[in-house]
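> The UniProt record's numbering applies: residue 1 is where the sequence shown begins, and numbers increase by one.
These are computed hints drawn from the structure, not numbers from a lab.
A few of these clues could be false.
30 angstroms max Cα-Cα, derived DSSO-like pairs, lysine-lysine [unchecked claim]:
hint: 1; residue 1: K140; residue 2: K271
hint: 2; residue 1: K174; residue 2: K403
hint: 3; residue 1: K174; residue 2: K210
hint: 4; residue 1: K122; residue 2: K203
hint: 5; residue 1: K375; residue 2: K243
hint: 6; residue 1: K193; residue 2: K203
hint: 7; residue 1: K257; residue 2: K271
hint: 8; residue 1: K245; residue 2: K387
hint: 9; residue 1: K174; residue 2: K193
hint: 10; residue 1: K243; residue 2: K257
hint: 11; residue 1: K210; residue 2: K193
hint: 12; residue 1: K140; residue 2: K403
hint: 13; residue 1: K380; residue 2: K174
hint: 14; residue 1: K380; residue 2: K271
hint: 15; residue 1: K403; residue 2: K387
hint: 16; residue 1: K193; residue 2: K403
hint: 17; residue 1: K392; residue 2: K375
hint: 18; residue 1: K271; residue 2: K221
hint: 19; residue 1: K392; residue 2: K140
hint: 20; residue 1: K244; residue 2: K271
hint: 21; residue 1: K375; residue 2: K264
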Amino acid sequence: MSLEQSSILLKFNLRSNVRQNNLTLTPHDQITYPTSKPTPTSSIHNTPRSIQNITIFDMSDEEGLGSLVTVARKSWFQDLQNFSGDPNENVEKFLKSLPLKSRTDRFHAGDSHCLLEAKCNKCHQQFLSGNDLQQHLREKCYPRESRDSIQNLTQQLEDPNHKSQVQDILWRNKEIFDPTPSVINIEPQSAIKTIDHPPIVCKQYPASAKDHQIKNQEVQKLLDRNQIEESTSPWSAPVILVKKKDGSTRFCIDYRKLNDITIKNVFSLPKIDEIFDQLADAVYYTRFNFRAGYFQIPLAVSHRSKTAFSARDNHDQFKVLPQGICNGPATFQRISNHLLGPARWHYALAYIDDIIIYSPTFEDHVIHLNQICSKLNEAKFKLNAEKCAVAKTQIEYLGHVIKQGNIR
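Kindly generate the complete structure, drawing on both the sequences and the hints.
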């Protein structure tokens, strides 16, 4: 659970003799420690100095009850005694000073057991358990985009147990549905290696006043998303607006002349018929589509100048992988393959920015779904929930409908 939305209050009692070298604070309703008979609080300075590790549950993730943070400290009680004043306050000050991954709001010493109190910092409602807080956040206070995405993607699951299992996986990795533009955890890509050639400057195509207005608006959106930057590059490609079927326009850069002098990346895409052959024995499918996938790939600084383009009032260049360059598909395919790793050709495949997870049973599919979602979340990839489908027995992929190995 994020600290913007929840806070944790741990109350505990420090005993005089800890038998092990680890003090563990865990967020359950009531916790006691493996300690001996309690002694007066004033005897805290006589406690042994053998504790080497303090283990506290990390409450920074959405589930909050799954991961651990361990802080190794030598001579823990020696450090504790360096704080002057009331012993109970010493404990509180010391715990606040720990360099934990996730800090709690307050620590209090002096109680005979440990209590967990959880509060939603968005609506300030308090709960007696982490599970109650978790349910509340999922239903009311997490961002609407995440809540709507997860509900819509699982609404077809009729079995309550199946739905719960899938939703738990998606909630643990809810960041993959965050619509905020960002780049993934990867080295900036050198995707535009060219032959020895002087910079290419192309004249702008004629455009109406309305088209110029659309171009300026699209450029501003790219600037606001930090996907382009102002440029002084000697390169310049023309902007073109392509009409879509629904009557709207697509903002494109004409990189054909740049592509003519670009050294081609020969990394191959998977053959579509081989992908479909691999799906023959599967029953459950999940399809993931990246949200503006190219724009999530950082572009090497040395290659940015070649992506420069000009509109009537602007000259800018891309900071991310632009659409329209000839090495874009191969670059993205290599990244997708690396992301899936050993899962490829076993239970997951990618065709550029379209991932499919396939499994013979629902139990297997839950395991596979969890593995891929965790990889996506770790890489900080973002998905377009509207183009995704989760745990279905019939799915559309690469223009074909697939159901239990039958493809049409």
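> Does each hint hold? Answer for all of them.
Hints versus structure:
1. K140 - K271: 44 angstroms, violated
2. K174 - K403: Holds - the C-alpha atoms of K403 and K174 are around 28 angstroms apart, at most 30 angstroms.
3. K174 - K210: 39 angstroms, violated
4. K122 - K203: Violated, at roughly 52 angstroms.
5. K375 - K243: 36 angstroms, violated
6. K193 - K203: Since the Cα atoms of K193 and K203 sit roughly 23 angstroms apart, the hinted pair holds (cutoff 30 angstroms).
7. K257 - K271: Holds, because 28 angstroms separates the two Cα atoms, which is no more than 30 angstroms.
8. K245 - K387: Holds, at roughly 18 angstroms.
9. K174 - K193: Violated: K174 and K193 sit about 36 angstroms apart, past 30 angstroms.
10. K243 - K257: 22 angstroms, holds
11. K210 - K193: Status violated; Cα separation ~36 angstroms.
12. K140 - K403: The given pair, whose Cα atoms are some 35 angstroms apart, is violated under the 30 angstroms limit.
13. K380 - K174: 11 angstroms, holds
14. K380 - K271: 27 angstroms, holds
15. K403 - K387: 18 angstroms, holds
16. K193 - K403: 42 angstroms, violated
17. K392 - K375: Holds, at roughly 21 angstroms.
18. K271 - K221: Cα-Cα ~35 angstroms, so violated.
19. K392 - K140: It holds: about 27 angstroms lies between the C-alpha atoms, which stays within 30 angstroms.
20. K244 - K271: 28 angstroms, holds
21. K375 - K264: The given pair, whose Cα atoms are some 29 angstroms apart, holds under the 30 angstroms limit.
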